[in-house]
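Given only the sequences and the hints, what does the whole structure look like? Please build it.
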Amino acid sequence: MLAKMQSRRWILAYLLVVLVSLHGGANGFYLPGTFMHTYTPNEVISAKVNSLTSIETELPFSYYSLPYCKPLEGVKKSAENLGEILMGDQIDNSPYRFRVNVNESVYLCTTDPLTKEQAELLKKRARDLYQVNMVLDNLPVMRFTEQNGVTIQWTGFPVGYNPMGSNEDYIINHLRFKVLVHQYQAQGDVVITSEDGVAMVESDRKSGFQIVGFEVVPCSVRRDPEAMSKLKMYDKVDSVKCPLELEKSQAIRENERITFTYDVEYVKSNIKWPSRWDAYLKMDGAKVHWFSIMNSMMVVFFLAGIVFVIFLRTVRRDLTRYEEMDKEAQAQMNEELSGWKLVVGDVFREPCCSKLLCVMVADGIQITGMAVVTIVFAALGFLSPASRGMLLTGMIILYLFLGIIAGYVGVRVWRTIKGTSEGWKSVAWLTSCFFPGIVFVILTVLNSILWGKKSTGALPISLFFTLLALWFCISVPLTLIGGLLGTRAASIEYPVRTNQIPREIPERKFPSWLLVLGAGTLPFGTLFIELFFILSSIWLGRFYYVFGFLFIVLFLLVIVCGEVSLVLTYMHLCVEDWKWWWKAFFASGSVAFYVFLYSINYLVFDLRSLSGPVSATLYLGYSLIMALAIMLSTGAIGFLLSFNFVHYLFSSVKID
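In my numbering, the protein residues as written are 1 to 656.
Derived by calculation from the structure, the hints in this document are not laboratory data. Be aware that a few hints might be false.
[Said to hold, decoys possible] Straight-line alpha carbon distances no greater than 27 Å define the calculated BS3-like cross-link-like pairs of lysine-lysine that follow:
{"no.": "1", "residue 1": "268", "residue 2": "48"}
{"no.": "2", "residue 1": "77", "residue 2": "232"}
{"no.": "3", "residue 1": "48", "residue 2": "178"}
{"no.": "4", "residue 1": "116", "residue 2": "178"}
{"no.": "5", "residue 1": "453", "residue 2": "48"}
{"no.": "6", "residue 1": "272", "residue 2": "178"}
Below, the structure is given as structure tokens:
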């Protein structure tokens, strides 16, 4: 009793230390531009610039790696949260200055003559379709293009372009900004909602202008460098329109001096501040999302019908008929058993690599919990894209703290299989290190590639140590605490005894792994349409914010995984195959194989612009991590439901 009280005190003390440490470091996380800001006329706002990105290479680079104009006060990095750093964001200040409600044409700077290396780098970035990502009051800059009579919306603007039929590359050196503002009238105490969905009361809010839109028309304009270099930064210049003639555009050449200018136009808008992100989050293809859900529903109902038949027509019929017989008839029936009843003495025999199975199931439950909580919070509006990186940061924090559940599940399954708690510490340790360890190895390899390319996507060494500290100081101890709780939980007793000599499994015409592998097509059918939108948001720079649809798809996926695993487990038992443990896991977990194949298909047919072995390696590495997480999550769901089904099945019949 004393030992139990001491262990509980130790657990409470550790949790208290973790909470205090998190509270102390709470100010280290930066939440950019979350709350409404009202500006007075002529107030100065500075735009910020993020990393240069490209859908061709997926290698982000610093904005100032190119010969752009720098601020008078020097380049200063903005505070970034964990998610922003992991995504390769590098947010810096910029020389682009905006005076609220003042239309003007401004001179920035004229560069020194371009060196050969600078000219070649600019041409390479332009040909690789690199985009400049600029932010004003936490709104990404937006541009519109016409293609085949359809208006397409983009975030960011290109570094340069290469016109068809021309051997020259041209740089974007003149930007025509349009800033949409909403005129706000103060009305005393008001309740406002932040972009994260947090309500707050503000008193005496000043009247003024709120920025509700940020658009740009990028141009290439050739100017006289000698005349322009006499000007100072922010001097007024004549406004110009985007020239259509290539002779009037600024070519990228060695020893060429490039002049950067910009225009600002303010336009009053009826868009209110809480709705300003609607333009970025327009949900295209809503009918496709509903089609995906209806398709998933059909699969769910189809499998539910099969499960209904198994339970009510086959299993319950056999059990009812057996219970209605007298003892003599039961004894005779026992001699004539067939199907799943024949494996009663082997069905709970310990599987091979049982420790690995416990670890994979535990990690799968941890990933599933992280995904469910994250999607719920995102669907409720707590993880808005206005807070860059917070989605990824939230996922990491959730994964760390859900280690306690993973440790509990892993040790509980281990106790059930072994019948004893001996060896639970090694199970808890492996649970805390298995999936994170694999991800850490893959990220290290990919990070070394990014380091070699000098990309901002490369994680700094300090962040590696931070992630390791979070891993070993939060996740590992919580997993061990969960394992300790698992040793004290009530044990799950098998309803039948296991024979000493294993029963021989009859030979079959086709190997059972073919059926297991094919079973993954059904869960994949519920997922693949939504998977297209997720991959597009990751690799094509599109905003993904249909988390309501994603939650429904996840819910249906859980149901399908459980049904598929249950049906295949019953089919294996019916052919006297008592080695169902791993097959139940991979029956639903094999969906990851099709997810990875689909990722390759997406790379070949939808990311045709992705160039070079480095970009393909990065893509396949991240896809492998995603597929592994899906396999563990879906496999754990299928295994636990199958285990409960088998336990219920054999606890409902008495066979000696």
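Worksheet item: So which hints don't hold here, by number, going up?
Response: 4
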